[in-house]
Amino acid sequence: MTESVDTAAAATSQDPQVGLQAVAALRRLAERLEALQVDNARRHGWSWQQIGQALGVSKQAVHKKHGGR
Amino acid sequence: MFERFTADARQAVARAQHEALAFAHPWIGTEHLLLGVLAADTPGVALLAEAGVTRSAARLALDQFVGRGGFCERDAAALHSVGIDLAQVRHAAKASFGPSALDRAPVRRCRRRSLFGHYRQQRDATTEKLPFMPRAKRALERASMEAERSRHDQLDLDQLLLGLLDPKGNMAVELIQHLGANPEVVCAQLRARRDDAA
Numbered sequence: 001m002t003e004s005v006d007t008a009a010a011a012t013s014q015d016p017q018v019g020l021q022a023v024a025a026l027r028r029l030a031e032r033l034e035a036l037q038v039d040n041a042r043r044h045g046w047s048w049q050q051i052g053q054a055l056g057v058s059k060q061a062v063h064k065k066h067g068g069r
Numbered sequence: 001m002f003e004r005f006t007a008d009a010r011q012a013v014a015r016a017q018h019e020a021l022a023f024a025h026p027w028i029g030t031e032h033l034l035l036g037v038l039a040a041d042t043p044g045v046a047l048l049a050e051a052g053v054t055r056s057a058a059r060l061a062l063d064q065f066v067g068r069g070g071f072c073e074r075d076a077a078a079l080h081s082v083g084i085d086l087a088q089v090r091h092a093a094k095a096s097f098g099p100s101a102l103d104r105a106p107v108r109r110c111r112r113r114s115l116f117g118h119y120r121q122q123r124d125a126t127t128e129k130l131p132f133m134p135r136a137k138r139a140l141e142r143a144s145m146e147a148e149r150s151r152h153d154q155l156d157l158d159q160l161l162l163g164l165l166d167p168k169g170n171m172a173v174e175l176i177q178h179l180g181a182n183p184e185v186v187c188a189q190l191r192a193r194r195d196d197a198a
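Residue numbers (our numbering), protein chains in the order written: chain A, 1 to 69; chain B, 1 to 198.
Hints are supplied without guarantee of correctness; some may be wrong.
[Claimed, not checked] Computed list of lysine to aspartate or glutamate pairs in EDC-like fashion (alpha-carbon distance at most 16 Å, straight line):
#	chain 1	residue 1	chain 2	residue 2
1	A	K59	A	E34
2	B	K137	B	E184
3	B	K94	A	D39
4	B	K168	B	E141
5	B	K94	A	E34
6	A	K64	A	D39
Hints listed in this document are in silico derivations from the structure and should not be mistaken for laboratory results.
Working from the sequences, and respecting the hints, build out all of it.
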């Protein structure tokens with residue numbers, strides 16, 4: 001409970017350093033999770049088409065980005 | 001590339017890879033090479049230790065700067081400020097995809113190429129050869145030049161260390177500076193000591 005209050009307080013922090021660093025870290029976190037999820041989808045037999053659709057990008061884009069692995 | 005390395009220097013490079021894996025970093029940087037060198041016992045390592053740069057101190061500093069899997073403490077705090085608990089995300093990724101899944105997930109910007117430029121196909125936690133980052137490659141090249149200059153056939157550990165102490169800067173240099181030592185001074189002292197010995 002106290003933790004969520006802390007989070008709420010910090011989220012309203014106007015320190016650009018913290019805010020921008022959070023955005024940069026979020027991007028990296030999203031990249032990691034995307035790699036994990038795409039790998040997982042491929043293992044489950046999903047086509048690039050399906051994966052692209054789920055991610056909201058073209059099948060070519062997702063294949064170009066993740067196909068090399 | 002490594003043919004001229006002494007057994008000790010090769011071991012330091014192998015240790016650098018272990019350090020990178022322990023930090024769940026998908027690359028070998030100058031920071032890992034430094035940690036690999038610091039595990040040895042050479043005049044250069046002694047000089048660094050005198051200046052406050054020990055292996056444990058350097059590891060601690062690296063943990064602060066870069067952290068596990070490329071998320072440092074400040075990243076975790078920043079993510080927390082927007083309501084994301086990195087530890088919890090890590091935990092969830094581990095539950096679904098296995099140990100260190102999040103930290104080991106490949107990041108696109110880090111090209112998975114070996115030192116010799118071949119793209120790697122397979123990836124496997126234990127046998128994996130991590131790619132060297134550009135500044136680590138540069139450090140290895142500088143070490144080679146160092147060995148050539150000394151007209152020795154072999155490239156030893158302290159030459160590897162001299163290669164790491166790049167005036168143009170790298171992560172190893174930053175760690176050393178962070179720990180309160182001056183890389184240029186260490187470099188000069190080490191050169192002087194080696195010249196005396198020669």
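Do the hints match the structure? See the list:
no., hint, in the structure
1, A/K59 with A/E34, "holds, 14 Å"
2, B/K137 with B/E184, "violated, 20 Å"
3, B/K94 with A/D39, "holds, 15 Å"
4, B/K168 with B/E141, "holds, 14 Å"
5, B/K94 with A/E34, "holds, 15 Å"
6, A/K64 with A/D39, "holds, 14 Å"
The structure fails to meet hint 2 from the earlier list, while all remaining hints are met.
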